[in-house]
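Participant: Next come the chains, spelled out residue by residue.
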Amino acid sequence: MKPSAFEYLRPNSLIEAAAMLEEAGDGAQILAGGQSLVPTLSLRLSSPTLLIDINRVADSAPLEHCDGVVRCGARIRHVELERSTMVRQHAPLLALAMPHVAHPAIRNRGTPCGSIALADPAAEIPACALALNADIVLQNSGGRRTVPAEKYFIGLYETARLSTEVVVELRFPAARSSDRFGFAELSRRRGDFAIVGIAAAAQLEDNCIRSLRLVIFGCEPIPRVSAAAHAMVQGREIGELPIEEIADAVAAELDPMENAQGDAAAKRRQAYAMAKRVMAQLNEREV
Amino acid sequence: MELVGQVDLNATPEVIWAALFDPSVLQGCFPGCKSVERKSESEYSAVLQVKVGPLNAGFNGVITLTDPEYLSAVTLAGTLNGAGAGFARGTARITLQRRDLVTELSYSADLRLGGKLAAVGDRLFGTAVKRNIADFFASFAAFVDADRKDTASCLASL
Amino acid sequence: MSQASKSSVDVAFVVNGSAISEQVAPRITLVDFLRQRLGLTGSHVGCEHGVCGACHVRVDGQVLRGCLLLAVQADGAEVQTIEGLSSSGEIVDLQEAFVRRNALQCGFCTPGMLMIAADLLARREVPSREAIREALSGNYCRCTGYQSIVDAIEEVARARHGLAA
Amino acid sequence: MTQSHGPLGRAVPRADARRLVAGAGCYVDDISTPGALHVAFVRSTYAHAAILSIETAAAARMPGVIRVVCATDLERICKPMQVAMPALDMPTTSAQFPLAFDEVCWQGAPVAAIAAHSRAQAEDAAEHVLVEYDELPAVVDAEQAMKPDSPQAVCSRHSNIALDRTFGTNNGAASFAAAATVVEQRIVFDRQTGVSLESRGIIASFSPLSGELTVHMSHQSPFQMREVFSDLLGLPNHKVRVLCPDVGGAFGLKLHAYPEELAVAAIAVLLGRTIRFQADRLESFLSDTHAREAVGVARLALDSAGRFLAIDVEALSGLGAYQAYPRGSVGEGLHMAQMVGAPYQFNHFRARLRAVHQNKSPTGAYRGVGQPLACTLTETLVDRAARTIGMDPAELRRRNYLSAERGSHTTPAGLEMSAVSLHACLETLLAMMQYEDLRREQQRLREQQIYRGIGMASFIELTAVGAAVYGANQIAVPAQEGCSVRLEPSGTVLCHSSATDQGQGVRTGIAQIVAQTLGIEPTDVTVRAGDTASSPVGGGAWASRGIAIGGQAALLAAEDLRGKILELGARVLETPAERIDIAGGTLRSTTTARTLSFAELANLAYFRQHQLPAGGCPELSATRHYVSQGFPYLTANGMQGCLVEVDIETGMIEVLRLWVVHDCGRVVNPLLVDEQIRGGVAQGIGGVLYEHCEYSEGGQLSNGTLADYLVPMAGELPDIEVAHVASVATETSLGAKGVGEAGTIGAGAALWNAVNDALAALGAAMEQQPFSPDRVLRALATAERARKSAAVAAATNIGPVNV
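Protein chains in written order, with my numbering: chain A, 1 to 287; chain B, 288 to 445; chain C, 446 to 610; chain D, 611 to 1413.
By construction, these hints were calculated from the structure, which means they are not laboratory data. Computed from a predicted model, the values in this text were never measured in an experiment. Some clues are possibly wrong.
[To be verified] Keeping only pairs whose Cα atoms sit at most 25 angstroms apart, straight-line, the calculated DSS-like set for lysine-lysine is:
hint, chain 1, residue 1, chain 2, residue 2
1, D, Lys1398, D, Lys1174
2, B, Lys321, B, Lys417
3, A, Lys151, B, Lys417
4, B, Lys321, B, Lys338
5, A, Lys151, B, Lys338
6, B, Lys338, B, Lys417
With the rest of the complex left out, here is chain A (with noise of 0.2 angstroms):
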């Protein structure tokens, strides 16, 4: 299981991989952290011919908090955003999500950036961007574009990145004191890829939910914010939702795809009790 034979490069900036990808074509592949791109080189189901690697790049933005907004750039890695008390002060839904991104060693290397370029139906990441409506910044030789993530998630794996762009930045909007937010996923064991996830942002006013994100992940081919459980809500007392009715409505609108995890009905009724979960957090999660 040995990967078949590449060439390697190592730009000094962002702009120049974008230079390097486009010049490349289709052959070449962005390396960050690899944690998933280098497995598919060791079982040889993609063998490209360039590894352009990003990890020594001068011009990747840091993981900060600044004008109401927390950037996370291209190296940053999965452990940092996990231990960053930052991020749980202004990002508490990614402080929620990030135990429950695969094992500690792959946490050490893995990069939400990647995650985001990857968009595997069952990472947790895509599904908090989604759920905060965050900005997906993307490189070109030509320069950067900024596509929120409402409209960069478009099928199984495919998303609006073109081939030559390079996921520099996520720009994650920072939460307000009123703002609540809920996480559960499950999965047969710690670790392992979702069957079903629910990352949900919702923002109040005087106690009242103005609007609620309320994103399904795992087992559909993208992340979907649940349009049923929004128009339920909006306009109620966070204390007197009708949690169970809300999840039913999430879970009759869900399209899972079947695969060995389950059939639709199994993932169907999984939802829904993840789905009861989220809601039970919001309920009583003062941030």
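Fit chains B, C and D to the known structure of chain A by using the hints.
Facilitator: Frame of chain A; chains B, C and D shown alone:
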């Protein structure tokens, strides 16, 4: 892995039938298809680069159009071998049904993956391959639907 | 393109305290490089797709899967393997506890377990048994059933903070 | 045994653990062989196909490639593997060549081998070998394979059925007719595999000059492999040497001869150089022997007092395309069928086993070999009976266990049973579990819709299997174990054992036995094993034999050496042997109080014979062997308990607590014994909760990575509470029985009963493993539909009745 579907085409069975047997149409409509060359009346050799998330593998193989019933049904079958990845084998029975204004194309496809493609988890590829089949018929519909535009420009727009 | 793409790359880094510099093909993983080129066979290969943890190595202080890092990526880094942690004496108490409590049987997962245990104890005061199991959740062992490993790590964590076993 | 205290029975840490915690182990892949060629295999992508052509020219030209080898290249060098078991009158299996000739019979079967300077180059070339297949009809499901119209798994065979055998003498028809209650239980086990963390590996070097083949391999039975290589490669067996260095876990899967290892040895002979192969994880899932694939249906007849009268069993075992060489793959089915009901007293037994071939990889030995299936079928059957007659499952077991006083006897199933301690194990387990409190808490939580389950399982275990099994079938597997001991000039003892150690700690146990017998410390005993050039001839490691047989051989050898030490000591100390004490490595004359250390004695014997009084050249070494005779195996027994919580919304099962009470006779090292049990329990739990090899109907394995084939990790298991009931085995003077497989045999059954105990409140039950969440939810949904339709039926009945 079965997949059943149907799509209404704003075109006559004659146009559809011709498109089905036109290698450039097959090449244009199948995602990641690099080339389709006619080898005989009903056999084509094809080269595909299938890219789905982590999978990015080259396939080559043979596509056949067999037991045709002129203007009403044909079986599209393919065996594609990936260098290290294994194989994908599938057959799709395509039937055309003339409705008043449109022609309804329905397909029932059975697809099997083998070798490494099968062994490293259908969590990834089961859904992806179904989507590829659905995409093929969607782009085929888009192609024959074009209001009498010449074939070349249609292909360019795909 | 400012750099010509390379099929063989010069790498220079420090392994267990001694500097090395070699030419290596980009496709060689760090664990294969350590084992086959440098003869450091203490890191083991259990799956080659980043799931079992037998290949743990420490790179610039972080415990990583040695099969998911390319050797070329270690250029300029400080790499430590089980052999380094063992000869430096840094984990002698963990090693003693593992032997005393039979926290290993075939020994194939043990280097990877010791690496993540050392990392856990460096970061946390006295982790609960639950937290220890969480830290080990990415390390596969087929022989012990994990309890003896949790016992050994808990015992050392308490001893390092002057608490009775 | 001379002293009651001393190292025997002490929790002595393992000497070779020191190396392993320093990363200084030496597994096959750690051995450096400059200039050796690495092999990668081209494997079948079809479950069943004819090979029309193999195009190797392009691959042969690729960088680093020395040779592309196909079946024809090895034809003259290597005979095929073909299992024959005349004592079972089973027809000889189809010939299995190291590389497939013209037919592939499972997905992953090796078709061609590339020998190159690096594994990566070999894999590059393997992608350019073009094999043209003509797909043939495949049979994947075992129940389908039994049918007469089923496709043949191997074209040359006329039937997929390899074995159709019945056990038990008197038929229980009368008992079933007269029974107050008859219950039936069906269980289905998907395939699993051992998943040792170190994959299979081999380095084979052949010297054309000396005609010698030297093989390092990750294996459990070096002498068996020496016979296999010698026989199939046509080399005299004194020219074949097999060495097993450190082995990274085996669990039975490294007990067999595989086509890949045979091909590597044959290529070494073909090219006259060193060839090495280390299976990768995907290859391990495709080619390691699988196990446990079975369907079991059992019926139990009870009288009105709840006493068992008769048991009837139908068992089906899936074998794969071929049988594992040389021992065959029917052991699993034989144990599964014959050992149903083993812990219990009853009068009539009938079991029919059918073992069938199918287009999947061959099955083989995996920890417990069929006994986990027999135990699960038995204990789920007993729980179902208890629920049916409304008796507490512990009480029903208490009434029907074989009694300890019964002693050795032959059961209606034909099992040679020695004394058991099941009642003692049951009472100990119930006390450990605080059973009554658990039941109360279960009831209290059920009112809050929290569903907990309590399960228990009793098991009999056949350990230390003797010569009858393989010798009778002319299979060249040594059933005895041997031990040679030598007093060293340093006063320590060097010991060579034939028992091999894949992590069980057998070498430490043997050191304790030798140390106790010679009155020295275990640290003064060095035990080596696993090299056919230096170890005495013996079986190695299987069926929990290490200490029970290997330990007994060590005891006999150490006693002989003690005698020789005393004899020489008597001459030097001029004191009769019986008046000499040995302690702390020193001889002391009780009459003259003169002392002589082992070191001084040895230096006299080896270097200063001139100072010795007359009496011939002294001998300070001894070699003894031991094989169990007069009884085919030693029966150990025990019980396991399990507490689970089932989340009926998600289908997830949490294992809260696990208990084991075991009787393995004398405990040589409590630390090693308890850890063997805990490791076994983890595999038993994995075997029911998580593990199965998923096959599509076309026979494609679809979960070939460690992310898709799920095994229990640290986060999924609770601590495991272990206790012992020790009745010493009377068959050997050492008195130890086997323990290695105990945990695996009972854990799955205890978990199965615990889950069904939780689901019983909702009328649901699990019948097939693994218990994945979607399968639990489906069982709950089925029960819900049944409850609803029953309610509807009841409602409609009320209408007209009171007319």
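Participant: If a hint holds in the structure, say so; if it doesn't, say that too.
Facilitator: Hint check results:
no.: 1; hint: D:Lys1398 <-> D:Lys1174; result: 80 angstroms, violated
no.: 2; hint: B:Lys321 <-> B:Lys417; result: 20 angstroms, holds
no.: 3; hint: A:Lys151 <-> B:Lys417; result: 23 angstroms, holds
no.: 4; hint: B:Lys321 <-> B:Lys338; result: 12 angstroms, holds
no.: 5; hint: A:Lys151 <-> B:Lys338; result: 21 angstroms, holds
no.: 6; hint: B:Lys338 <-> B:Lys417; result: 14 angstroms, holds
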